[in-house]
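For this one, chain A is given, so just place chain B on it according to the hints.
Top line first, the protein sequences correspond to chains A and B. The first sequence begins at 90 in the numbering used here and counts up one residue at a time. The second sequence begins at 96 in the numbering used here and counts up one residue at a time.
Read the hints as simulated data drawn from the structure, not as lab findings. Every residue gets a Cβ at the ideal spot worked out from N, C-alpha and C, and that includes glycine.
Dumping the calculated SDA-like pairs for lysine to any residue here, alpha-carbon to alpha-carbon at most 25 Å:
{"no.": "1", "chain 1": "B", "residue 1": "Lys290", "chain 2": "A", "residue 2": "Arg351"}
{"no.": "2", "chain 1": "B", "residue 1": "Lys290", "chain 2": "B", "residue 2": "Glu309"}
{"no.": "3", "chain 1": "B", "residue 1": "Lys290", "chain 2": "A", "residue 2": "Met108"}
{"no.": "4", "chain 1": "A", "residue 1": "Lys155", "chain 2": "A", "residue 2": "Ala286"}
Not the full set, but computed from the structure, chain A residues with beta-carbon under 10 Å of chain B:
{"no.": "5", "residue": "Val99"}
{"no.": "6", "residue": "Pro231"}
{"no.": "7", "residue": "Phe319"}
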Amino acid sequence: MIADRREALVGRVLLVVLMAVTVLPFVSLFVTALHPSGTYPSGLAWPDHPQWSNFADAFRAANMGKLLLSSTLIVLGVVPAALLLGTMAGFAFGHLRMPGHRAGFLLFVLGLTLPFEGIITPLYYQVRDMGLLNTRWAIILPLIGLFMPFSVLWMRAHFVTMPDDLSEAARIDGARTWQLFWRVHVPLARPAISSLAILLFLWTWNQFLLAIVLVDDSTKRTMAGALGAFQGQWGTDIPLLCAGALLILTPTLAVFVVFQRRFVAALLQGSIKG
Amino acid sequence: MEPTTIGRRRVRGARRRRAAWLGWLFAAPALLMYATFVLRPLLLTVQYSFYDWNGVTASTWVGLDNYRQLLTDPDLFASIVHAFELIVFFSLLPVVLGLVIAATIRGIATSRLALVARTVLFLPQVIPLVAAGIMWSWLLSSTGLANELFSAVGLDSVTRAWLGDFDTALPAVGVIGAWVLVGLCTLLLLAGMSKIDPALYEAARMDGAGALREFFAITLPGLRQEIGVCVTVTVIAALASFDIVYIATQGGPGNSTMVPGLEIYYLAFSEREVGMASALAVALVILVLVCVLPIQRLTRDGSR
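Bound-form chain A, shown alone (with noise of 0.2 Å):
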């Protein structure tokens, strides 16, 4: 008993560090953007008069109100037509299963481990080829088939474990495949689907080589490429710089928190299929 509770003891003391490693970084950014501009603050010093006025600064010199436009439009792109596809595919390997289906889903896997800097060049081509260079669909389209592999493989892993019963009994009633997907199987898949979404929102999100490549205009980027840019600019006035990437993290630090659970469940879960 005494030994459990200096192992408790110890186990505490052990996760606070851990999270003060964890927060320090967020806390030296935060005490960094209160300092005068144009200054090199030193370490954790609180500052003598805090500049709350470099938050507006940066939110001007960021474009901050174009920039959440931005993302939140390549978001819509993105993440709804990727849940539909990978929702069908995975209904097709998983639960239609027709001849081929292995095969098929296979070649999602080979995609699995791609790293996208393996495409990223002949990508480039493309996309100018298609004349889409600089706008956002040059985000958005090679997004969706580069979400594909995971999308589907997840996907596929919720209807695997669907009873096959579910549909014959809908094909009993006449429903025909298509409304059996859309009226039975999709409400089903709720819950794997809105994980799902919850991923892939994030890493849209936070998608920076195909923003720095395949869009030059940093206010037609998703927020992680506009804040590389916004480094390119500002990197010599640390205190703004601070202020921007503060301001750049909120909107995905805000909508963790309220999905909180979601989220963690969701990426544990999405590592372990990954």
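Here is chain B on its own, set in the frame of chain A:
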């Protein structure tokens, strides 16, 4: 009996045929997007890698020359070596730390503190890697918090601009990656531990096993699959690293933190050596597969 079975079989056969084209119809949109934006570029990468091309004028076939250069050019080869060095920080460190931490806090995994920790430890996973890069470039700069902490404990001699020093830049980048991944690994391993039968631990205690024996006899074997997942995710993150390096060091100082992902970006889009960039891309894709497939096999076979 017989007619019904035959009848059923016939119905099933017809249904299967209908299901065949229907099934492929359902899979078609996903396949189309995947083929257009992933498979086609992937095949083109392989094709480009056999050419010398600046992206504008006509290309010339050079066979395996790009690959030969990849193995002989010290700068290019160094980027691959760096990627493997990053595995130590991105994979080994988070997985080992994660195991130690998870094993230590297993007893309090359901406490309120642990619930708060679940949220806090996930923060680095949620933010863009670019933001992590910016935060840490500042922390590790010459006037940053890291140096202030070292000075506070009397280690003034080690203070430096960690990301600007030839000897420490790569490990410093590694530390950023470790910070991002250690929380994820801890939580994944902790979730795995909660699935291990508590009776096993009780039995071990009865037999007088210490914490260390317990860890090696019960925890470690029970976590085989979760460890496999952690290693897979983190090894891919190390080999394909781009965002953090791009923000924190841009590959410098000199070439000391150049990684394949960044090198591909520079070769393709600033130096206009599309063929060479593609050869490196092919090498990267193959390296990831060569590293990840054995891990999958090692950790999954036992459970199947």
